[in-house]
Amino acid sequence: MSLLCHNKGCGQHFDPNANLPDSCCHHPGVPIFHDALKGWSCCRKRTVDFSEFLNIKGCTVGPHCAEKLPEAPQPEVPATSSSLQEQKPLNTIPKSAETLRRERPKSELPPKLLPLNISQALEMALEQKELDQEPGAGLDSSLIRTGSSCQNPGCDAVYQGPESDATPCTYHPGAPRFHEGMKSWSCCGIQTLDFGAFLAQPGCRVGRHDWGKQLPASCRHDWHQTDSLVVVTVYGQIPLPAFNWVKASQTELHIHIVFDGNRVFQAQMKLWGGTSNYSDFLERMKNL
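Sequential numbering of the sequence shown, starting at 1, is according to our numbering.
These are computed hints drawn from the structure, not numbers from a lab.
Calculated cross-link-like contacts (lysine-lysine; reagent style DSBU-like; alpha-carbon spacing at most 30 Å):
#1 247 x 270
#2 68 x 57
#3 270 x 112
#4 112 x 247
#5 45 x 57
#6 8 x 68
#7 8 x 45
#8 129 x 247
#9 8 x 38
#10 38 x 68
#11 68 x 45
#12 57 x 38
#13 57 x 8
Can you make the complete structure from the sequences, with help from the hints?
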């Protein structure tokens, strides 16, 4: 009759009538797992791979044992206040969707405009590509939608009807320039470090509004959200920072990016849970 040896590291079948004092090569110690290393307390050999650990050859010779070995008793450690604190059960039950909806902030809260930080790579790209082009003289009023913004840099007028064409347009005919942290327009000599002050610079020329039709841009974009961060990546070429904005509330994120060629990417994202960190700077990166 063949029996199974229960000595650690052996696991072979043996004949009890031929069980000699040196028939079994096994580990008399206990398994040790520490800092990803695995081994036996009776041996010095350690390995990271679990399969190699199981195949470590026994270090002691003796007879086979058909009886299951009793488990080693756990050492008794006197209870302390810290150990009792660690033994307290943790409440790991996740919150239900109903509870999260109840805790979610109100969606009607107005979004806030987030500050923008221009990367050095984009500054260099815009510096090399000057957009010195005269603004158009406008399109047919029948093709212009009410609420369209004037596309001339520096002008924040909104089209309300044919009468909007009669109002003067104060704009920058030049292109935005970004060099060594300084921001300015090629048509003006005013330089500033602050991006908000750069956007607020009044135009230097008076002309006609440009209600030019913007083309929708289809951009690949990725985004993910953690308990404290919302990370959004939009892939495109040559964004124009002077026309871009990102608004966020505790429940929604609105993105408006204008690219070269009057192409516009817009996206609205519903945030999970709620966020109140409005001070994070978003960085416009040039993707070649």
